[in-house]
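Trainee: Residue numbers (the working numbering), protein chains in the order written: chain Y, 1 to 516; chain S, 517 to 603.
There's no promise every hint is true.
Derived lysine-lysine pairs resembling DSS-like cross-links, with alpha carbons at most 27 Å apart [stated by the list, open to error]:
1. Lys12(Y) <-> Lys183(Y)
2. Lys484(Y) <-> Lys342(Y)
3. Lys549(S) <-> Lys245(Y)
4. Lys521(S) <-> Lys402(Y)
5. Lys241(Y) <-> Lys521(S)
6. Lys340(Y) <-> Lys308(Y)
Just so you know, these hints were derived from the structure itself, not from any lab.
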Amino acid sequence: MSNNNETKGIWKVIGASSLGTLIEWYDFYIFGSLAVVIANQFFPKTNPTAALLSTLATFAAGFIVRPFGALVFGRLGDLVGRKYTFLLTLVLMGGSTFAIGCIPSYESIGFLAPILVLIFRLIQGLALGGEYGGAATYVAEHAPIHRRGYFTSWIQTTATLGLFISLAVILMTRHFLDADPTKSIAKFNDWGWRIPFWISILLVGVSIYIRLKMAESPMYSKLKAEGKTSVNPLKESFGHKANLKMVLLALFGATMGQGVVWYTGQFYAQSFIENVCKVEFDQSRTILIWGILFATPFFVIFATLSDKIGRKWIMLSGMFFAIISYNYLFTSLFNIADAKQKTEIVAKTTIDTTYKTIEALSSDSPDSLRKVVTKTFYTDGMTMVHTKTDTAYNTIGKHTLKPVIAISKTLSSSDYWKMVGIVFILILYVTLVYGPIAAFLVELFPTKIRYTSMSLPYHIGNGVFGGLTPFIATLLTTIYVDNKIVGLMYPIVIATVCLVIGAIYINNRIDPEVDR
Amino acid sequence: MNAIKRYAGIIWIILGPIAIHYLLQTASSEIAKKPGIDTQIQWGVFITVFYPIAIGFILFGLYALEGNYDHVPEASAELTDYDSKPL
Numbered sequence: 001m002s003n004n005n006e007t008k009g010i011w012k013v014i015g016a017s018s019l020g021t022l023i024e025w026y027d028f029y030i031f032g033s034l035a036v037v038i039a040n041q042f043f044p045k046t047n048p049t050a051a052l053l054s055t056l057a058t059f060a061a062g063f064i065v066r067p068f069g070a071l072v073f074g075r076l077g078d079l080v081g082r083k084y085t086f087l088l089t090l091v092l093m094g095g096s097t098f099a100i101g102c103i104p105s106y107e108s109i110g111f112l113a114p115i116l117v118l119i120f121r122l123i124q125g126l127a128l129g130g131e132y133g134g135a136a137t138y139v140a141e142h143a144p145i146h147r148r149g150y151f152t153s154w155i156q157t158t159a160t161l162g163l164f165i166s167l168a169v170i171l172m173t174r175h176f177l178d179a180d181p182t183k184s185i186a187k188f189n190d191w192g193w194r195i196p197f198w199i200s201i202l203l204v205g206v207s208i209y210i211r212l213k214m215a216e217s218p219m220y221s222k223l224k225a226e227g228k229t230s231v232n233p234l235k236e237s238f239g240h241k242a243n244l245k246m247v248l249l250a251l252f253g254a255t256m257g258q259g260v261v262w263y264t265g266q267f268y269a270q271s272f273i274e275n276v277c278k279v280e281f282d283q284s285r286t287i288l289i290w291g292i293l294f295a296t297p298f299f300v301i302f303a304t305l306s307d308k309i310g311r312k313w314i315m316l317s318g319m320f321f322a323i324i325s326y327n328y329l330f331t332s333l334f335n336i337a338d339a340k341q342k343t344e345i346v347a348k349t350t351i352d353t354t355y356k357t358i359e360a361l362s363s364d365s366p367d368s369l370r371k372v373v374t375k376t377f378y379t380d381g382m383t384m385v386h387t388k389t390d391t392a393y394n395t396i397g398k399h400t401l402k403p404v405i406a407i408s409k410t411l412s413s414s415d416y417w418k419m420v421g422i423v424f425i426l427i428l429y430v431t432l433v434y435g436p437i438a439a440f441l442v443e444l445f446p447t448k449i450r451y452t453s454m455s456l457p458y459h460i461g462n463g464v465f466g467g468l469t470p471f472i473a474t475l476l477t478t479i480y481v482d483n484k485i486v487g488l489m490y491p492i493v494i495a496t497v498c499l500v501i502g503a504i505y506i507n508n509r510i511d512p513e514v515d516r
Numbered sequence: 517m518n519a520i521k522r523y524a525g526i527i528w529i530i531l532g533p534i535a536i537h538y539l540l541q542t543a544s545s546e547i548a549k550k551p552g553i554d555t556q557i558q559w560g561v562f563i564t565v566f567y568p569i570a571i572g573f574i575l576f577g578l579y580a581l582e583g584n585y586d587h588v589p590e591a592s593a594e595l596t597d598y599d600s601k602p603l
């Protein structure tokens, strides 16, 4: 068969599959990216930390149900076909995302609001659990045998590009709601955050239209025509040692490490830059956007390379580099923004103190809310805004025990690009581990149970081990408060175990044939 | 290489219970430190999710020790129809 014939129509298949998967990732990530705003809207405001934790828990719940989605939709995909299954996941994802954007706030409808958010978030997780395996399988089963890595790599770019688009849409919406930037941000926090959720329904509509026109996977159609499809994909996938051992190997020798590297390089990096380095909102996001933009082509490059030299060592090298360099790279990120290592221009420092009277219930001389904003300039061009808010009591000797402190740093241009460079390296590791993994998983399992068998280890590895990375890493920093990079212990330990297992047990094969 | 694969299985079998023990110990100390529904839910989720994964890890070690990974399929032709060979 000539190369042209082999690839005939494959780009339509890739386009239709990738667009839908990209939209699903977009839908999934706007929720995570807007965690703080959503916390204010839907969870009781008595304790902001509790509100944020509630959202993060909801976020984690989204990841935890992903493996269940993999089982439900994987089974369906092996029973009725890939095409209609991943159409269904797209409808569920788009519908629930749009619905989240329409839920009235906690102030309007009380506890029904967070309950509805949780329900739709769980549906999102289920849908995502079914989507990826379907798209990867669908493309792989259309692709020429010797170029499966290259063609599935386009599906692999969608997760990162979905994050990229979600960040870009959020930033644009945040700044274009009013000519005055402060008012625009206020409007965004009030109601504008709903726009990214509403946009989803348009994107999903287009994607459904395109996918409806696609045919079923040729390999699956062949099996169906021969009456050889699986009767019980779950039993065949997990009830037989010969296949279960491959599912376990895929999880502990590949996807587990891939998941933590993926989430550390992107989500945790952004969270670290914003919450530990205290870099301001826009810069912390645009740093990630640039890093993603520069690194994304490497998904395709490394996956194509894996067609020639095998998947194993490319994926494992990503884990290896991550393990040995995470501490250094994250320490460098911290040092770049560390005010203690910079020289302050004392003459330029400004201190602005404002008082706002607190309405008194039974006193003629009410207390005041005091806000002290200190703006510090540094010789390298960085500026730091330190805001301290407390209560100025009228009673002599009485003072606020724990004032609210907020720090926001704006980096100089050179430091900004240094951070972009480090984030680029972190995402480069992501491209090493993630680029070839769809082809790797497809080649482990026979066609009749492929959707089910590859979806579960992928979503436990990526969803559970990976998805919980920012959460567990943040948790570790609250337990060991003095160590700023202690959160990295989790991804490093998981990636190390995965690297050892992968190196010992995985074959570095390039399968010439997937026809079962 | 097969000997390494098998002996390493013992490590995975031991690591499973250690991971469960560490998880339960950290959960109980954290809940004791910060009693409250948030902490309980958070750690409840972790235990619910990671407990079966740790069991799977022990099973992986057991399979390795038994020599089930001595030969891993090297081509699709080796991928089996599993109907006739249940666990």
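Trainee: Next, verify each hint and record whether it holds.
Mentor: Checked hints:
1. Lys12(Y) <-> Lys183(Y): Status violated; Cα separation ~44 Å.
2. Lys484(Y) <-> Lys342(Y): Holds, at about 19 Å.
3. Lys549(S) <-> Lys245(Y): Answer violated: Lys549(S) to Lys245(Y) is near 40 Å, above 27 Å.
4. Lys521(S) <-> Lys402(Y): 56 Å, violated
5. Lys241(Y) <-> Lys521(S): 17 Å, holds
6. Lys340(Y) <-> Lys308(Y): Distance of about 49 Å is beyond 27 Å: violated.
In summary, the structure is inconsistent with hints 1, 3, 4, 6 from the numbered list given earlier, while agreeing with the others.
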